[in-house]
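Q: Spelled out, the chains give:
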Amino acid sequence: MKRKSFMAAICMTGMVASLLAGCGGTSTPEDKEGTAATTQAEEKKEGSEPVTITMWYGIGGDESDMMLSIIDEYNKSQDEIFVDALSVTDSSKMIVAMSSGEGPDVIRSSNPTALAYLKQGLIEDLNAYVEKDGFDTSVYYQKSLEANTADGHLAALPSTAYTIQMYYNKDILEQLGYTEPPTTMEEMYQMAVEATILDDSGNIDVLGYPLFPLASARQELVYGFGGRWWDEAGNPTPLRQENLDSLTYNVKYREQFGIDKVASFITTANTNRYTEKDMFFAGKQLFRFDGPWLTTMMESYDSDVNYGITMIPGATEADRGCARFESNCYVLSGTSKNKEAAWKFMKDYTTSEFVKKEVIGLANLPAYMPLFEDEEVLAVPAFKEFIDTLKAENAVQFPAISNLSEYVAIIDEYLDYIYNGSMTPEEGLKELEQRANSITLE
Amino acid sequence: MKRTKMTRRARNNINGFLFALPWIIGFTCFSIYPLLASLYYSFSSFNAVTDPKWVGLANYQNILKDMLVWKSLKNTLFMAFVSTPINLCLAVCMAYIVNKSFRGKGAARTIFFMPSIIPVVASTMIWIWMFDPTYGMINTALHWFGIQGPAWLNNPQFTKWALLLMGSWNTGTTMLICLAALQDVPMSYYESAQLDGANAFQIFFRITLPNIAHILVYQAILNVINAFQYFTQVYVIITANSGVKNTTTSGGPANSILMYPLYIFYNAFSYMKMGKASAMAWLLFIIIAILTAIMVKVTRKTSEVAGSE
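Line by line, the protein sequences give chains W and Y. The opening residue of the first sequence carries number 759 in this note's numbering; numbering runs sequentially from there. The opening residue of the second sequence carries number 12 in this note's numbering; numbering runs sequentially from there.
For reference, chain W alone in the conformation it holds in the complex (with noise of 0.2 Å):
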């Protein structure tokens, strides 16, 4: 009986051992797979012990690899401080990992998410350091800058910028007899309609407005109209005349070409974006808002669309060229272990030519201003059309409200029934804004 009491205790301290195993334990940079460290461990100078320190990235794919490639140059570059980078493109997973304590000690994350965690106070106010080192911010481009500020709190560095500009297909315009782009509202409005192709079956063939990408439609297409969704205080403000403006002409074209029809094109466009079969690298679109990358995908999916950038059309000149603009950004986690070696990689890093190689790699626009004159830089197809954009200060920037992405959804709601045809765009807006005041923006 005692031997099978002590086979019992056995097999129960072993199991209860096995079972915790899985729970505790932190790993070590060798441990996990992809991580720049497999291939720098062996390649660490011999005597000098560099801080390691975590940064994660929401990045997947081969953007992912250039990524890794440009820390495994960081790393390389010095001794002082040894960055494990890892791909984490799972927003939970960041969650989760912080709250038990174990988060990485910087992220790269987009600037509304780093507002959103500043006022959730995940992350490190960096106004105390900026001010104990005397780093001069004045390096990056201002609007990169208050992209990453709440309440004058400094939430984040910023790395690579991007903001929205028009992309026309140059031989339909010409077919239809125009020479030049349009510069307002109403000739946009009205090229749109000329081009619009409908096949034998009534389906569209070439999508004359840009309805899609429907972020864009949401946006700039609104913006253009000198409309916003929020004051300057960061209040809901849906239910402008100028929002109305920009809805009127958006379901005035889905009626006349069919509210089914435009929906689905813009479902397959959806499905295919960024694809072979992209609507505009197919030539299936005269406009298309979109951001700087698109030359770069264009390229690399040998589309022999004849294209043009310029900027947004406006209502009025002063409108000419609105767009959002938002930043790619490095954080400081507010469970860092290693905060003063974090803080010296990031402002190393985003003043640096290992910035302007992501950059480049990602094809987005810097943030860094040196970059803005840069050659390399100005070489990157539309780079210099989106830099001049920059320069003319007309983005418009998301408010700094931590529940932003609850009052996006909303409108997106509002917009659907509006686009659907089940509201009227005034019966929408005005219920959008009665939703919107329901919700506690903070």
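Simulated from the structure, these hints should not be mistaken for lab results. Just to be clear, a hint being listed does not mean it is correct.
What the hints assert, rightly or not - Derived CB-CB ranges, DEER-like:
#1 Leu220(Y) - Gln1192(W): 45 to 53 Å
#2 Leu50(Y) - Gly892(W): 46 to 54 Å
#3 Gly892(W) - Asp62(Y): 31 to 39 Å
#4 Gly935(W) - Leu88(Y): 54 to 62 Å
#5 Phe30(Y) - Pro808(W): 47 to 55 Å
#6 Pro1128(W) - Ile43(Y): 54 to 62 Å
#7 Lys1188(W) - Arg217(Y): 53 to 61 Å
Stated by the list, open to error - Keeping only pairs whose Cα atoms sit at most 27 Å apart, straight-line, the calculated DSS-like set for lysine-lysine is:
#8 Lys76(Y) - Lys1188(W)
#9 Lys890(W) - Lys1105(W)
#10 Lys834(W) - Lys1095(W)
#11 Lys1149(W) - Lys1115(W)
#12 Lys1188(W) - Lys85(Y)
#13 Lys1114(W) - Lys1102(W)
#14 Lys82(Y) - Lys1188(W)
#15 Lys85(Y) - Lys308(Y)
#16 Lys1097(W) - Lys1115(W)
#17 Lys1095(W) - Lys64(Y)
#18 Lys1149(W) - Lys1105(W)
#19 Lys171(Y) - Lys76(Y)
#20 Lys1095(W) - Lys851(W)
#21 Lys64(Y) - Lys851(W)
#22 Lys1042(W) - Lys928(W)
Note that this is a predicted model, so its numbers are computed, not measured. Glycine included, every Cβ here is placed at the ideal spot set by N, Cα and C.
Assemble chain Y onto chain W, guided by the hints.
A: Same frame as chain W, but now just chain Y:
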């Protein structure tokens, strides 16, 4: 002698307890503790990282006022109570067919069951392609009959029906259980019925159905519970259709496929409102518990009726 027996029993109990202890520890750490923690969080304002602050019933009040909670619940109830009978009918029909003797029966069973072993993400991606209004197989097939197919995943009137169609493809497991139930019905019942001159319709409704009713009710409970956890398919569709990865908080066109679990996920990980998400999860738990209790009662009654017959 008596004392020795008691000791042996006690020792046996201790041994049994020791053998069960790893499971008990695991269950306590990974089930009981999170369950109780989520109950506490549901009464607090909590973003998963900073310390929770007690807010009493505020999260539950917030849920009652949030229109998207009700919309997502309505969408989920639709999936639970419309898809369940459709899927059960399909499963019974398929099981009935493959229970007959005919050439190619094995192949038919394999074909009917095969969709069940395809990973949900992969099958959903296939369906997204099939539902494409321009290049998709479904609208192409409808076009042959002169029917103009809708934008299945973009038109709020059709999105949920598209999900039902997707779900009906995946009834292999239910079919298998129904098949086992059908094979359990004694052949003598059928022989007697045939001798009495019953037709196929009467045999199905008077003999087959009552004898497999308890299995059908059990399957209905499982289907309803699964429907309340409907997440992966809509998450994949919304992510694919939004054109952005991981950052979307969309519920599909006009939130028509915003399911309750998806909205819990958005609240927890996108809006970082773990307290509200926990409260929503507890509300879901209560709803499922009530529905299960009702259905278990129905099952008992059905079994009793089947047993008495």
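Q: None of the hints should be skipped; say for each whether it holds.
A: Hint check:
Range check, Leu220(Y) to Gln1192(W): Cβ separation about 50 Å, and the 45 to 53 Å hint holds. Roughly 49 Å separates the CB atoms of Leu50(Y) and Gly892(W), a value that falls within the hinted 46 to 54 Å. The hinted range of 31 to 39 Å is satisfied by Gly892(W) and Asp62(Y), whose Cβ atoms lie roughly 34 Å apart. Range check, Gly935(W) to Leu88(Y): Cβ separation about 56 Å, and the 54 to 62 Å hint holds.
Distance hint for Phe30(Y) and Pro808(W): a CB-CB separation of about 48 Å, consistent with the stated range 47 to 55 Å. The hint said 54 to 62 Å for the Cβ distance between Pro1128(W) and Ile43(Y), and at roughly 57 Å that hint holds. Separation of Lys1188(W) from Arg217(Y) is about 58 Å and conforms to the stated range, judged on CB atoms against 53 to 61 Å. For the proposed pair Lys76(Y) and Lys1188(W), the alpha carbon gap of about 19 Å is at most 27 Å, so the pair holds.
For the hint pairing Lys890(W) with Lys1105(W), the CA-to-CA distance comes to about 13 Å; that is within 27 Å, so the pair holds. Proximity of Lys834(W) to Lys1095(W) is assessed by CA-CA distance (about 22 Å); at most 27 Å being required, the pair is judged to hold. Using a Cα cut-off of 27 Å, the hinted pair Lys1149(W) and Lys1115(W) holds, with the two alpha carbons roughly 21 Å apart. Proposed proximity of Lys1188(W) and Lys85(Y) is supported: the alpha carbons are some 24 Å apart, at most 27 Å.
The straight-line distance between the Cα atoms of Lys1114(W) and Lys1102(W) is roughly 18 Å, inside the 27 Å bound, and the hint therefore holds. For the hint pairing Lys82(Y) with Lys1188(W), the CA-to-CA distance comes to about 20 Å; that is within 27 Å, so the pair holds. For the given pair, Lys85(Y) sits about 24 Å from Lys308(Y) by alpha-carbon distance, which is consistent with the 27 Å threshold. Between Lys1097(W) and Lys1115(W) the alpha-carbon distance is near 25 Å, which keeps this suggested pair within the 27 Å criterion.
Under the criterion of a C-alpha separation no larger than 27 Å, the hint pairing Lys1095(W) with Lys64(Y) is consistent with the structure, at around 25 Å. Our distance criterion of 27 Å between C-alpha atoms is met by Lys1149(W) and Lys1105(W), whose separation comes to about 23 Å. Distance hint between Lys171(Y) and Lys76(Y) is fulfilled; the C-alpha atoms sit about 24 Å from each other, no more than 27 Å. For the proposed pair Lys1095(W) and Lys851(W), the alpha carbon gap of about 19 Å is at most 27 Å, so the pair holds.
Only pairs whose Cα atoms come within 27 Å are accepted, and Lys64(Y) paired with Lys851(W) is accepted, the gap being roughly 23 Å. Between Lys1042(W) and Lys928(W) the alpha-carbon distance is near 12 Å, which keeps this suggested pair within the 27 Å criterion.
Comparing the model with each numbered hint stated earlier shows that all of them hold.
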